[in-house]
Each structure stands twice: as structure tokens, then as C-alpha cells.
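Peer 1: The primary structure of each chain is shown beneath.
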Amino acid sequence: MRRLLISIPYLWLLILFLVPFGIVLKIALSDVALSIPPYTPQLDLSDGWTGFRAFWAELDLENFWFLTEDDLYWKAYLSSLKIALIATFLTLLVGFPIAYGMANAPNHWRPTLMLLIILPFWTSFLIRVYAWIGILSNEGFLNQFLIWTGILAEPAKILNTDIAVYIGIVYTYLPFMVLPIYATLEKLDGTLLEAAEDLGCTRIQAFWSVTAPLSKPGIIAGCFLVFIPALGEFVIPSLLGGSDTLMIGKVLWEEFFSNRDWPVASAVAVILLLILVVPIILFQRNEQKQREAEQ
Amino acid sequence: MPSDHASGFAPWEDADATPLISFDGVTKQFGSFTAIDNIDLQIYPKEFFALLGPSGCGKTTLMRMLGGFEDVTEGTITIDGQNMAGIPANKRAVNMMFQSYALFPHLSVADNIAFGLKRSDMPKSEIQGRVDEMLRLVQLQKFARRKPHQISGGQRQRVALARALAKAPKLLLLDEPLGALDKKLRQETQFELMDIQEKTGTTFVIVTHDQEEAMTVASRIAVMDNGLLKQVDTPDRVYESPNSVYVADFIGDVNIITGTASEVLENTQLIWAEGATPITGMTGSRVVQGEPASFVIRPEKVSISKDEPQAANKVQGKVIDIAYLGNMSTYHVALANGVIVKSQTANNRRIARRDITWEDPVWLSWTDTAGLVLRD
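Residue numbers (the numbering used here), protein chains in the order written: chain A, 1 to 295; chain B, 1001 to 1376.
Errors might be hidden in some of the hints.
As the list claims (entries may be wrong) - Derived pair list, reagent style BS3-like, types lysine-lysine, alpha-carbon separation capped at 25 Å:
(1) A/K187 <-> A/K157
(2) B/K1301 <-> B/K1314
(3) B/K1170 <-> B/K1118
(4) A/K289 <-> B/K1147
(5) B/K1170 <-> B/K1199
(6) B/K1091 <-> B/K1046
(7) A/K216 <-> B/K1147
(8) A/K289 <-> A/K187
(9) B/K1046 <-> B/K1199
(10) A/K216 <-> B/K1046
(11) B/K1147 <-> A/K187
(12) A/K216 <-> A/K289
Claimed, not checked - Residues of chain B clear of chain A, computed beta-carbon distances all greater than 12 Å:
(13) Y1101
(14) P1299
(15) T1369
If you are wondering where the hints come from, they were derived from the structure by calculation, not from laboratory data.
Note that CB positions come from ideal geometry on N, CA and C, so glycine has one too.
Please build the complete structure, drawing on both the sequences and the hints.
Peer 2: Written as C-alpha cells, this is what we have:
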């Protein structure tokens, strides 16, 4: 019975991660072809062992080499890293004050505030991103408002720029930043701040020398939870970004559906996954350390 | 020991002594609740002053006002001649040792102690020396690099003390400093605290609900109830000459016999039961002839014997209960009118050699000056 219970997550991982990953890896090692599916070789087991050997012999790393030859790909990776890093930082800037405000709100307000943070999840992610098109476009609410107040004379181009992508990512991933930070701030013992003040700190010094270091685990967790999905983000840059917004998720989509070059697209996906493994492992270590510290 | 009168430390009796802390008509209200009710109190330099009372009596509020964590609703608090109104906690030469210790979990023991020094005007080169000195004072040199969660409760308590003393404050506030320690460690630490207080010459104000702790460490005790100071006195006077039944009852064990004061002179006669000889005790404060009054006497001042003794006050009764505490026994004796009086005697003989047992008719006796007659 216990084995069965333990095997469930492993089975889940096997069926929904390892097997699909194996298929993608296999496609990445194949060559593009005008066929259905659009790559070769196909595994044909009717020839038995020799068929498998022939199949194996045709797999190669050609597509990975191709990724290093065309600078589009590494530029897209770097650009994604840059956008994800900046967006994570911006989300932290917006999210920390929200979490801090929630943690310091009167007790009876906290469930309501928490609900407000989670509420956007009740609407489809796609619909919310489309709503931002309505807000950010040249004739959108934001430009209309800025012109009405007299701040702008001409509508500013926000939609289809990197700024719109940042707004989209910050908006979408804000709860993932707020919730872990709130969890650490809420546990913070208020007498620690009194002690810091008693020992000569101003409120602001007490914040930097006590609150900030003690909320570090929450900040790290929040940053990873935003950074990891933002790196491979596809929907936000393709809907809100411009034609020059280069993100690897978008490149991946174009390789698959515009170029129908599944092998190269798969190679891009495999490399993206390898890049993501590093922050995921770091994130897991942070969580582990926090759990140990709490024991 | 600060409470030792032989040492002659009693600035509160000296009209010329300048108090370090002065409360003048201080009131603190939280909404409509009055936590501190018009208090006047002077605390002198180098005192070890205890605020004692049940939870909710206002003792913690009084201390937090000294620390700068609560403002005063009415009246003024003066520390070292300076009016404290509007001065925040970080600008006061006062440090506090918190009940939960409030050690910074992300800093080592040494960094916790250095925390206040780094924010003072002490030159960087002197900080390390001061930290070492404090570590020596609380005997934690070996643990300087440990984090708070890597040391024991007793060690944490000492780190908190060292941290609060590091800036050499004029006044150290201790909020239930020993509350989290077990009894044996608490007793040892009490003496350590007194030792450190004497070495550093700092004025200590301690908040506690443990009367034994207050009696042990304090030069003077303020007994509080409902935001009022019931009595401010040395431990022996609070114990021997309580000014009210509340104080007598709060500090230690006591027998209370209610009745009517009849002859109020240096001693007072208390009529307590019809037909019985009146009880004589020293006249306490505010006793009025013919008014209701209470006779209070400590159990250890009541003698118990099987034969009728030669004594100023004696009553007859029957033993209904014996509490054996090892070093002493407390006898619960029911008098003829149902009043129960406790008598405590040291067990200086082995248990088999003692002759008083359950249901025995016994005599209780005490001298004229052993007990007090108090109003209310």
C-alpha cells in the first residue's frame, strides 16, 4: 500500500514528463522531412533489430549544432533571460510592498486581501492578457486617460513593445511573488522589530537589518516562481510584444507552426529545459534549506 | 545583595537622593480601558526594582512606557532629569530584555550582541572588544559563532541579557526574564542576574508575576493591581508589613481572619467569633475602631502544639489536613467556628517522630506582634 502511494508521483512524472521529454529529445535528434509527422527517421519495429539499428544510426546532433550556427537562437535565449530577469525584479518591486501591506494589515482584513490577490485566477489567463491589449493599445484606456488628464498630447506606443511584455509578466505572475513573501512576513515576530528599535535602529534601519534578511527565503522563492515560467513565456510576448520582442518561447512556436521544422523546434525546447533545470535545482535547495531551518 | 539592609543601600529613604526615574501622575488608557491609573513612583540609580502583579495588572504597560513602546496618556515620565514625552525607543538610554528574548535568528550570538553597538557612535575598532567583554560577563565566549537556534534556552536568555547590556544603558528593563526557564535554572539565574546588576551598576527594572523571584532579586517591590500601585516597599516590609489584605494575600501564604476592630492602640483587638477571646495583632494602616477589619498572619508564625501553650493568642482546633513538603509541613486546622488556619513548621525531626496527626485536637498560638490587623 505504501509503495503504491509512493509510486503515484513517480508514475505521474514518468507519464507526463519523462516520456514526453523522451519523444521531444528523439525528434530533436531527427531530420526534417516532408511527411506526416514531418521528420525522419520513424521507428519501425516490423524489421526487428536491424530496423532499430538503422533507426538509431540516423539520429544525430545536427540540430543542436545548427542552433549554435544561427545567432537568432542564442540571441533569443539571452533576450529571454534578460526579459525574465528584469520582469522578475519588477515583480519583486511591486510584489514586496503588497505582501508587506498584507502582513501588517489588521487580522480581519487579511483573508479579504488574500482573496483579492488570488481573484484574477478565476478568469482565464488568455482573456486577461487580451484585456491588456484593450488597455495598452493606442486607442486603449490608458492612452485615453493620459490624454484626458493632459499628461500626453499624442497617444504613446505601449502595446507591441517590451514595456507591454513587462507589464504583462508582472501582472500575470504577481501572485506567485506576493504569496511566498507574505508567508514569511506573516511569521515574522513583531518583537524583533521592537528589539531592533530598542537597540537604536530607526524604523527604516530596522526594516533593512531585520525584516529584509528574514524575508529572504520568501523573496527567493517568489523570484524563482516568477523567473522560471517567465523565461519560457510565449503567450505574453506574442500577444503584447512587438515583432522585435525576441523570446525563446516565441521562436519555439514559430519553428513548430510557421516553419514546421519540428526537429529544430525540439532542439530549442531541450536546450530551454536544460537552462531551466539550473534555477529549478537552486529553487529546490532554497526550499529545502528553509524547511531545515524551521525544524 | 541589594535587598540587604546591612549594606545601607536605601536611597528611597534619603530625602536628598535624586531619582533616576520619576512617574508623575502617569495614566495610560487603551480606548476606554485604563491600564495605568494616575501613578506616582520614584526609582533610584542602581536599584533593582521589581514590578509584581497578576497578569493584566498593568506592570508590562508601565515597563513599555519606560522603554518608549507606549506613550503616556496623561502625566510625565522623567528619566535622568529628561522628560521622555515624544522620545522614541531608539533615542532612549534604556534597553530592554524581552520576554521572548527577541534574538535575531539570522545573526550569530556575537552579532546579536554587537547589533546595538553598530548603530551607536562607538568606533568600529572598539566594538569587538566590547562584544568579547559582554560574552565573558555571561560566560558564552565559546558560543560566539553559533546562531540562536543552536544554543539552549538558558544560553539564549544570557545572550538577550548581554545584548541589552552591551550599550551600557542607564536603565535596563527585564520583561519576565526568567519565565521560560525551568525552576532550578531560574533560581541559579536569579543570583547571576543580581551579580551582573551589581557588577555593571545598572539600574534594573524587572517585571514578574513570580513573587519569589521578586523577593529574591529586588531592592524594592511595587505590588500592582488593576493599574494601581498597592504598595512600594522593600521585600521584607512587603512581606512582614503589608498595607492591605490584597498585598498580604498576593505575597506568600497567609491566614486571613475577618472580624471587627475593637481596641485600636499600638495593637488592635479583633473580635472574630462570638464568645471567643479577641485576637491581638499589630495595628496596620487605616484601621478604625468598630469597623470591619481583617487579621492576617503568616503560617510560619503560627505555632502548633498538643498541650495548651503559654502565649498571648491561642485558639483550639482540629487538624483536618497535613501538607508534607519535605523540609516543612503545613497543618490545616479547623477552629470551632469553621475558620481554617494554617500553621507551618520546619520538619527538624524525622517523620516517624512527629506526634501530630489527622483529627488531633491541637492548640494554635502566636505572639501579639506576629500578625497584623488591616482594614478591608
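Peer 1: Hint by hint, which ones does the structure fall short of?
Peer 2: 1, 10, 13
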